[in-house]
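Novice: Below are the chains, spelled out letter by letter.
Protein chains: 4
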Amino acid sequence: MRRSKESKKIDIIKTALRLFSKRGFYTTTIPEIAKAMSMSAGNFYNYFSSKEKLAEEIIRYISEYLATKIRTINESPHLSTKEKIREIVHIYFQIAIEEPEMLDFFLRIYLSNREIYKERCQGITCIMAFVTELMIFFDDGVQKGDLRNQNFFSAFGLFMGYLGGMVFLNGEAILPEPLESYEESITENIYRALKNDDQA
Amino acid sequence: MRRSKESKKIDIIKTALRLFSKRGFYTTTIPEIAKAMSMSAGNFYNYFSSKEKLAEEIIRYISEYLATKIRTINESPHLSTKEKIREIVHIYFQIAIEEPEMLDFFLRIYLSNREIYKERCQGITCIMAFVTELMIFFDDGVQKGDLRNQNFFSAFGLFMGYLGGMVFLNGEAILPEPLESYEESITENIYRALKNDDQA
Amino acid sequence: MRRSKESKKIDIIKTALRLFSKRGFYTTTIPEIAKAMSMSAGNFYNYFSSKEKLAEEIIRYISEYLATKIRTINESPHLSTKEKIREIVHIYFQIAIEEPEMLDFFLRIYLSNREIYKERCQGITCIMAFVTELMIFFDDGVQKGDLRNQNFFSAFGLFMGYLGGMVFLNGEAILPEPLESYEESITENIYRALKNDDQA
Amino acid sequence: MRRSKESKKIDIIKTALRLFSKRGFYTTTIPEIAKAMSMSAGNFYNYFSSKEKLAEEIIRYISEYLATKIRTINESPHLSTKEKIREIVHIYFQIAIEEPEMLDFFLRIYLSNREIYKERCQGITCIMAFVTELMIFFDDGVQKGDLRNQNFFSAFGLFMGYLGGMVFLNGEAILPEPLESYEESITENIYRALKNDDQA
DNA sequence: GATGAATGAGCTTTCATTCAT
DNA sequence: AATGAATGAAAGCTCATTCAT
Numbered sequence: 078m079r080r081s082k083e084s085k086k087i088d089i090i091k092t093a094l095r096l097f098s099k100r101g102f103y104t105t106t107i108p109e110i111a112k113a114m115s116m117s118a119g120n121f122y123n124y125f126s127s128k129e130k131l132a133e134e135i136i137r138y139i140s141e142y143l144a145t146k147i148r149t150i151n152e153s154p155h156l157s158t159k160e161k162i163r164e165i166v167h168i169y170f171q172i173a174i175e176e177p178e179m180l181d182f183f184l185r186i187y188l189s190n191r192e193i194y195k196e197r198c199q200g201i202t203c204i205m206a207f208v209t210e211l212m213i214f215f216d217d218g219v220q221k222g223d224l225r226n227q228n229f230f231s232a233f234g235l236f237m238g239y240l241g242g243m244v245f246l247n248g249e250a251i252l253p254e255p256l257e258s259y260e261e262s263i264t265e266n267i268y269r270a271l272k273n274d275d276q277a
Numbered sequence: 078m079r080r081s082k083e084s085k086k087i088d089i090i091k092t093a094l095r096l097f098s099k100r101g102f103y104t105t106t107i108p109e110i111a112k113a114m115s116m117s118a119g120n121f122y123n124y125f126s127s128k129e130k131l132a133e134e135i136i137r138y139i140s141e142y143l144a145t146k147i148r149t150i151n152e153s154p155h156l157s158t159k160e161k162i163r164e165i166v167h168i169y170f171q172i173a174i175e176e177p178e179m180l181d182f183f184l185r186i187y188l189s190n191r192e193i194y195k196e197r198c199q200g201i202t203c204i205m206a207f208v209t210e211l212m213i214f215f216d217d218g219v220q221k222g223d224l225r226n227q228n229f230f231s232a233f234g235l236f237m238g239y240l241g242g243m244v245f246l247n248g249e250a251i252l253p254e255p256l257e258s259y260e261e262s263i264t265e266n267i268y269r270a271l272k273n274d275d276q277a
Numbered sequence: 078m079r080r081s082k083e084s085k086k087i088d089i090i091k092t093a094l095r096l097f098s099k100r101g102f103y104t105t106t107i108p109e110i111a112k113a114m115s116m117s118a119g120n121f122y123n124y125f126s127s128k129e130k131l132a133e134e135i136i137r138y139i140s141e142y143l144a145t146k147i148r149t150i151n152e153s154p155h156l157s158t159k160e161k162i163r164e165i166v167h168i169y170f171q172i173a174i175e176e177p178e179m180l181d182f183f184l185r186i187y188l189s190n191r192e193i194y195k196e197r198c199q200g201i202t203c204i205m206a207f208v209t210e211l212m213i214f215f216d217d218g219v220q221k222g223d224l225r226n227q228n229f230f231s232a233f234g235l236f237m238g239y240l241g242g243m244v245f246l247n248g249e250a251i252l253p254e255p256l257e258s259y260e261e262s263i264t265e266n267i268y269r270a271l272k273n274d275d276q277a
Numbered sequence: 078m079r080r081s082k083e084s085k086k087i088d089i090i091k092t093a094l095r096l097f098s099k100r101g102f103y104t105t106t107i108p109e110i111a112k113a114m115s116m117s118a119g120n121f122y123n124y125f126s127s128k129e130k131l132a133e134e135i136i137r138y139i140s141e142y143l144a145t146k147i148r149t150i151n152e153s154p155h156l157s158t159k160e161k162i163r164e165i166v167h168i169y170f171q172i173a174i175e176e177p178e179m180l181d182f183f184l185r186i187y188l189s190n191r192e193i194y195k196e197r198c199q200g201i202t203c204i205m206a207f208v209t210e211l212m213i214f215f216d217d218g219v220q221k222g223d224l225r226n227q228n229f230f231s232a233f234g235l236f237m238g239y240l241g242g243m244v245f246l247n248g249e250a251i252l253p254e255p256l257e258s259y260e261e262s263i264t265e266n267i268y269r270a271l272k273n274d275d276q277a
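As given, the protein sequences belong to chains R, H, S and E, one line each in that order.
Each residue of the first sequence is one higher than the last, beginning at 78 in this note's numbering.
Each residue of the second sequence is one higher than the last, beginning at 78 in this note's numbering.
Each residue of the third sequence is one higher than the last, beginning at 78 in this note's numbering.
Each residue of the fourth sequence is one higher than the last, beginning at 78 in this note's numbering.
Hints are computed from structural coordinates only; laboratory data are not their basis.
Some hints could be false.
Which copy is meant is left open, so a pair is good if it fits within one copy or across any two.
[To be verified] Only pairs whose alpha carbons sit at most 27 Å apart, straight line, appear in this in silico DSSO-like list of lysine-lysine:
1) Lys-112 <-> Lys-130
2) Lys-86 <-> Lys-99
3) Lys-112 <-> Lys-128
4) Lys-130 <-> Lys-82
5) Lys-159 <-> Lys-272
6) Lys-86 <-> Lys-130
7) Lys-146 <-> Lys-91
8) Lys-130 <-> Lys-85
9) Lys-91 <-> Lys-130
10) Lys-99 <-> Lys-130
11) Lys-146 <-> Lys-130
12) Lys-272 <-> Lys-221
13) Lys-86 <-> Lys-146
14) Lys-99 <-> Lys-195
15) Lys-195 <-> Lys-128
With the hints as constraints, model all of the structure from the sequences given.
Specialist: Structure (structure tokens):
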């Protein structure tokens, strides 16, 4: 049953994602993951050839997931550029609240333990889907004359760094208010940072 | 010799900082650190009670270092708020270029492997020195009427997230231009995001 | 179909023989053998009860094969004893060149990993067919007065050890000349060693 | 204490040699070796970087040992070539009887599991000491006009194959007489095979 | 303070074999 | 006969830490 093997892989990915984001990559063991799935450690290797390969497939999974979310925003023609920023911030925080393990993994495992990914995911190959959608958002904004035509990565750094920073602070229980309550001010901050002053 | 024991601790901290930031915390071993210092693995434990304790002292060391740098900016009364932002960005990038292991460790080990610090550095205790200086900068700006009186952590998230994001992208060799060349646009972005529109 | 089950067993034996001789018994896995036959690992156990049982059947297969070859020599009444030696050497080297996996397995797996065969093939039970034919050759030679009537196993050791040694050296690419070019000198050496000096 | 570390390595080599030759390379585990030495498995790796590295050092140890034995024969000017053959056969069988693990390892592990040695001991590098002494014996014999000037490896194959074959048969308890009782006939066989007929 | 051999717990991974389908 | 997911035992190896010297 091709179907069930693929879906079990996804089950493993979800379980591992949860454990890795909670306890870290190196401190989570394959037996732990297997146990959480009520299967044997040996069987794990029928699905993934190594712990690193699993890590790779997890980040691809996350990238796809985030890309899909942003794509729906990109494909909403009725939204203004600022509204799109608000939506992206919103969706990001929503994920941070409802599925925090996704962003946790992204920020804490993928971005921070590059030795794991050095060979498998050179540059941004494994998160291409996600980066592409943000690129589309940015290009659209520039096209429409709403955003300054600055280097994409500078804008990308602002976006991801800012949001990542907030989510991180929230995860650390450092923020005095609930994360959502910052949505508006952050949207404003980002919009001010990126907007084109020349616009009519 | 109290003196020399303390200075050897610092030597170990510097060596470990370099190795940890390059190869990761879990993938760097105590024997490796000891070897890089031409001393025995056993002797390491005369200076630090455990690998985790070493990690704690490293982040405290970094926090002190960063705090000192920002303090000189805070204590420059002739600088405008925007110029201070520019200086902070500048100093941050300078460190990123000249001593990248500092920020690498901060971003990739400290922020990302909280399981290491969970018990030793609850919340921000171990980086208090650094956070305090940023707080002072921000409060001064608000006091002078230059910055909006928003929640400090929102501003902190913008600052650290944005800069961290850029440094990260730079470290990944993703940025098309040298890091310094973004200083001005980033200063501008941050200033726009934080500034008080009511100002005369 | 009795027929096809038996012939599939032989297919497995041939495939396993090739893989074992190339990669070693312990470093070749059942899944590898199965894959090389485009069948499932589980199905293997419908043909052989264990990896060890397979090893046993392989050596019996080889023994039969070698016995058949030597039998044709033994049954050539027109050949002199020295010519028979030449023929045996020739056939041995021919097998070494054309089907090296046979002798490789014999020398490197069967003779060398006795822990595999200890229980299944006590003494020479599993290679009886082959030993018997060599015995016949030797007895004939003694009968005809061509060979000294020494202990059979001493002669057997000379034969198999010498030829095995040469094949081994050839396999190691240590021999400066092609294997065949040693046939004559080896025949001479063996004949001198075994011949009866009293003969007319 | 440099001294004691080196001598412990030799202890490990001897213990492992015994276990490997008795139970095979793949079926003997590092924990077993460690246990036989009353030490922890982990500590093993303070002496040898891997199981393969241990295998390499064992064969070098054996090669040295055999070389030393043959060297004393080579350096006995009063012995005739035939007597030297007899001595080599004798010493070989003596080792086979008193320290059978040496030749067992040589024949059954080193010669038969080349995948273990492929990278570490290309060609005959790891047994050079031993091969060199046999070369010297052979060259001396040719020099003196006692042996035919045939290719060294052909003679080497005869020697090692024949003796190896006999030792093997003896190890299998196949020989009807004690190994030593074959010394004379084997010496005769080898001498006849190698001798120069032209000699006065 | 310094050394480094020793420990022991634990990790990733492998693989012969079984078994439900 | 055939599949291949699943098991479970075990292997090689690593490494933080200890401790006798």
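Novice: Are the hints correct? Go through all of them and say.
Specialist: How the hints compare with the structure:
1. Lys-112 <-> Lys-130: Classified as both; 19 Å inside a copy, 23 Å across copies.
2. Lys-86 <-> Lys-99: within (20 Å within a copy, 32 Å between copies)
3. Lys-112 <-> Lys-128: both (15 Å within a copy, 24 Å between copies)
4. Lys-130 <-> Lys-82: within (16 Å within a copy, 32 Å between copies)
5. Lys-159 <-> Lys-272: both (9 Å within a copy, 19 Å between copies)
6. Lys-86 <-> Lys-130: Within one copy only: 12 Å inside a chain, 35 Å across chains, cut-off 27 Å.
7. Lys-146 <-> Lys-91: within (18 Å within a copy, 43 Å between copies)
8. Lys-130 <-> Lys-85: within (15 Å within a copy, 35 Å between copies)
9. Lys-91 <-> Lys-130: Classified as within; 14 Å inside a copy, 33 Å across copies.
10. Lys-99 <-> Lys-130: Both. Shortest intra-copy (19 Å) and inter-copy (21 Å) distances satisfy the 27 Å Cα cut-off.
11. Lys-146 <-> Lys-130: within (25 Å within a copy, 41 Å between copies)
12. Lys-272 <-> Lys-221: both (11 Å within a copy, 26 Å between copies)
13. Lys-86 <-> Lys-146: For Lys-86 and Lys-146, the Cα distance is within 27 Å only inside one copy (22 Å; across copies 49 Å).
14. Lys-99 <-> Lys-195: both (22 Å within a copy, 12 Å between copies)
15. Lys-195 <-> Lys-128: So Lys-195 and Lys-128 pass the 27 Å test inside a copy (14 Å) and across (24 Å) alike.
Hint compliance for this structure: no hint is broken.
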